[in-house]
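Asks: If you want the building blocks of each chain, they are given just below.
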Amino acid sequence: NAGVTQTPKFRVLKTGQSMTLLCAQDMNHEYMYWYRQDPGMGLRLIHYSVGEGTTAKGEVPDGYNVSRLKKQNFLLGLESAAPSQTSVYFCASSLAGGDNEQFFGPGTRLTVL
Amino acid sequence: RKEVEQDPGPFNVPEGATVAFNCTYSNSASQSFFWYRQDCRKEPKLLMSVYSSGNEDGRFTAQLNRASQYISLLIRDSKLSDSATYLCVVKRGGQNFVFGPGTRLSVLP
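Protein chains in written order, with the numbering used here: chain U, 1 to 113; chain P, 1001 to 1109.
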């Protein structure tokens, strides 16, 4: 099993460009999450999904959109990238309900110039 | 003030030492608590959940004090492989998890 995978691993964008980050999991998990990690800030939740076709906002959703068209995939979109979105983005997944362990992908390092 | 705060670190300790990390949280409605570990430039991984009665997993002991809104992690007999950043995580409600900024530990030979 690959677990949680993220594509791409690295990306450099110019201000105003758009891109989509792909997260895929093969563990049949119901819940999926997108976080960003910045120095000294800890991970912050952007959006999450509790099932196929559903999404919800986290702590820092502005400037991002998400879609969960298939259970195994969770996409994070940046419509018009800004330098403030330079960060490391982590996707995670977990079983439904309770306090199940979150399994994280290896991260995507995004730089917006 | 951040919702979850941790000792700023870094902690530099010799092999075999005992080290304790502290974490405080400000939202009294927080429901669940965890410690994750993150190696340099890697993804976080669950170390252990934290229960009200306290819990132990080998050399690791976690304690929760709901009245003081305080969580701790104790590592006994530190190994070189324990070098990492330790993240305190609090679940507010629903699926909203709040991560602390982390405390970096370096175990020295």
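Bear in mind the hints are in silico, worked out from the structure with no lab data behind them.
A quick note: this is a predicted structure, and the numbers were derived from the prediction, not measured.
Think of the CB as a built atom: it goes at the ideal place given N, C-alpha and C, for glycine as much as any other residue.
Worth double-checking, as some hints may not be accurate.
Straight-line distance between alpha carbons at most 25 angstroms, and here's what the computed SDA-like set of lysine to any residue pairs gives [unchecked claim]: (1) P/K1002 - U/G16; (2) P/K1091 - U/A24; (3) U/K57 - P/G1094; (4) P/K1045 - U/S18; (5) P/K1045 - U/T55; (6) P/K1042 - U/G53; (7) P/K1091 - U/T111; (8) P/K1091 - U/S80; (9) P/K1091 - U/H29.
Covered stretches of chain U (in silico footprint by chain P; criterion: 3 or more residues with CB under 8 angstroms from a CB of chain P, positions within the stretch not fixed) [claimed, not checked]: (10) 21-29; (11) 53-59.
Asks: Take the hints in turn and mark each one as holding or not.
Replies: So, going through the hints one by one against the coordinates:
1. Taking the CA atoms of P/K1002 and U/G16, the gap is near 30 angstroms; set against the 25 angstroms cutoff, the hint is violated.
2. Distance hint between P/K1091 and U/A24 is fulfilled; the C-alpha atoms sit about 24 angstroms from each other, no more than 25 angstroms.
3. Taking the CA atoms of U/K57 and P/G1094, the gap is about 11 angstroms. The hint holds against a cut of 25 angstroms.
4. Distance check on the hinted pair: P/K1045 and U/S18 sit about 30 angstroms apart at the alpha-carbon level, beyond 25 angstroms; violated.
5. Between P/K1045 and U/T55 the alpha-carbon distance is near 24 angstroms, which keeps this suggested pair within the 25 angstroms criterion.
6. Our distance criterion of 25 angstroms between C-alpha atoms is broken by P/K1042 and U/G53, whose separation comes to about 29 angstroms.
7. Annotation: proposed proximity of P/K1091 to U/T111 is violated, straight-line Cα distance about 29 angstroms (limit 25 angstroms).
8. Of the supplied pair hints, the one linking P/K1091 and U/S80 is violated, its CA atoms being roughly 31 angstroms apart against a limit of 25 angstroms.
9. Taking the CA atoms of P/K1091 and U/H29, the gap is near 19 angstroms; set against the 25 angstroms cutoff, the hint holds.
10. With 0 residues carrying a beta carbon less than 8 angstroms from a beta carbon of chain P, the segment 21-29 of chain U misses the three-residue requirement, and the given coverage is violated.
11. Interface restraint, the segment 53-59 of chain U with chain P: holds (3 residues with C-beta to C-beta distance below 8 angstroms; minimum three).
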